[in-house]
Amino acid sequence: MTRLKDSNEIVAPGDVIAEDEDVDVDSGAYEENTKIISKYLGTVMYSGNSVIVRPMAGRYIPEEGDTVIGEVSRVSYSRWSVDLGSPYEGNLNIADATDEYVDLDEDDLTDFYDVGDAIVVKVKGVTKSMDVDLTMTDKRCKKLEGGRIVEIAPSKVPRVIGKRGTMVKQINQATNCNIIVGQNGRIWIDGENSSLAARAVKKVEEEAHRDGLTDEMAEWLEEQTGEEL
Amino acid sequence: MSEQNIEWVDEEGKRVDGREVNDLRETSMEVGVLDEADGSAMVEVGNTRVVASVFGPQDLHPKHLQESDRAVIKMRYNMAPFSVDDRMRPGPNRRAKEIGLVAKRALEPAVELEKFPTAGIDISMEVIESDGGTRATGITAASLALADAGIPMKGLVSSCAAGVVGEHVVLDVNGKEDKEGNADIPIATINGGDEITLLQMDGDLTQEQVEDCVSLAKEGCADLDEQQREALLNQYRGEEQ
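As you go down the protein sequences, you meet chains A and B in turn. Using this note's numbering, you'd call the opening residue of the first sequence number 1 and step up by one each time. Using this note's numbering, you'd call the opening residue of the second sequence number 1001 and step up by one each time.
I should point out that these hints are in silico values taken from the structure, not numbers from a laboratory. Beta carbons are placed, not taken as given, at the ideal position from N, Cα and C, and that holds for glycine. Some hints here could point you the wrong way.
Only pairs whose alpha carbons sit at most 16 Å apart, straight line, appear in this in silico EDC-like list of lysine to aspartate or glutamate [stated by the list, open to error]:
| id | chain 1 | residue 1 | chain 2 | residue 2 |
| --- | --- | --- | --- | --- |
| 1 | B | Lys1154 | A | Asp133 |
| 2 | B | Lys1115 | A | Asp215 |
| 3 | B | Lys1063 | A | Glu89 |
| 4 | B | Lys1154 | A | Glu63 |
| 5 | B | Lys1115 | A | Glu63 |
| 6 | B | Lys1115 | A | Asp131 |
| 7 | B | Lys1063 | A | Asp131 |
To spell it out: a stretch of chain A is covered by chain B in this simulated footprint if at least three of its residues, at any positions, have a beta carbon under 8 Å from a beta carbon of chain B; those stretches are [as the list claims (entries may be wrong)]:
| id | stretch |
| --- | --- |
| 8 | 9-17 |
| 9 | 167-174 |
| 10 | 210-224 |
Which chain B residues stay away from chain A? Per the calculated CB distances, all over 12 Å, these [what the hints assert, rightly or not]:
| id | residue |
| --- | --- |
| 11 | Lys1014 |
| 12 | Leu1024 |
| 13 | Glu1030 |
| 14 | Asp1202 |
| 15 | Gln1209 |
| 16 | Asp1225 |
| 17 | Arg1229 |
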């Protein structure tokens, strides 16, 4: 493969990234006459014989298996509609929400989740026409009480998590906050020092396209807290 | 002043505003000019200035406009009342609707709409100042705003016009050349290449002149395409210094 762009280099839509016969194009790029061309304004990432472009911005598009933070937007007879910060609304059916027996005519669904509640929820499946089914059966799923939610570009979530969770762990250690990162770019932070944690998350988002960010953030956090990590 | 009296290109080969026949006007582009929009850009070509914004992909209403297998682009072209020399009556008119439609068709082939079934993408092009070539400038700006919004695209769309004034084929006609010249042809291309997504013609000209205009405008689009890429990357370069 002839690499025309370096790893982590920023490319615009239509930029030629590499030239070769057999390169796997994962996402964010397409192939035309043995040229690999970017679809996004984003950063290039090579791994083995494949190329991806990670976009700088964009709305969250639900995918099966994602854990996301949603806001209940409507309570219906037997299900909740959940806003995911995406063009597509999620549906949480009662059977996926609780193991308890619920008498639909007697019980009030708002006792479980009411409009405006923030919940950690898992994407159970997405149909071709983008109907999104959600489930609460995963052990990480719960209703969020207290704390605050920070929103970032969904494409930058991997940077906030870091390699094997190093970045979140670091912010968590420095600020002593509970942090839950949703794949849809919503991040829940709870703790006394939540302002600092929120600023740290925003800083990671802004500088997501740079190298060596975890070390840089470690320094920044030490500076802010005045304590060694 | 009648058409015959204007010396469109003087002995030194300079046009009414001092450009050569194959020069673009001075162009500047800035991406991310609006905070609230998902994507935005401002493009200035000479005295023409357009701000484009993109919202979405998002829920599309009314529902009957939705397409089950792709996203739908809603395009708005609007001229500010103060954008022309005599105050313009605000609000949509026939011309604005037509330009919105052709601009939408010029961008659609470049955008990967299949990725967002049933969703809508709202694009708006606001003309702040007008001195010829507003539709072309609008398309150039809208394409930058789409890229800024993180919408997958085959490539950037750039657009500019070429026209005939007097006997001369010139690139990027300005307001005066547009109004009093013989004809102009705005075109748009993907990635500054051979794929043309917009071609309109206004005025009388020979077959040969059409061919000359199109090839000249293509060169202009390729030039703009490079400037677009530069503008997109500039957003992030500033921080690294």
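Results for each hint:
1. Lys1154(B) to Asp133(A): Distance ~30 Å between Lys1154(B) and Asp133(A) Cα, so the pair is violated.
2. Lys1115(B) to Asp215(A): Cα-Cα ~36 Å, so violated.
3. Lys1063(B) to Glu89(A): holds (14 Å)
4. Lys1154(B) to Glu63(A): Measuring from Cα to Cα gives roughly 23 Å; hence the hint is violated.
5. Lys1115(B) to Glu63(A): The given pair, whose Cα atoms are some 13 Å apart, holds under the 16 Å limit.
6. Lys1115(B) to Asp131(A): holds (14 Å)
7. Lys1063(B) to Asp131(A): Within the cut-off at roughly 15 Å; holds.
8. 9-17: Our answer is that it holds, as 5 residues pass the Cβ test (under 8 Å) against chain B, meeting three.
9. 167-174: violated (count 0)
10. 210-224: violated (count 1)
11. Lys1014: holds (34 Å)
12. Leu1024: holds (19 Å)
13. Glu1030: Consistent with the label, Glu1030(B) stays out of reach of chain A, its closest Cβ about 14 Å off (over 12 Å).
14. Asp1202: holds (29 Å)
15. Gln1209: holds (30 Å)
16. Asp1225: violated (8 Å)
17. Arg1229: Since the minimum Cβ distance to chain A is about 5 Å, Arg1229(B) lies within 12 Å and the statement is violated.
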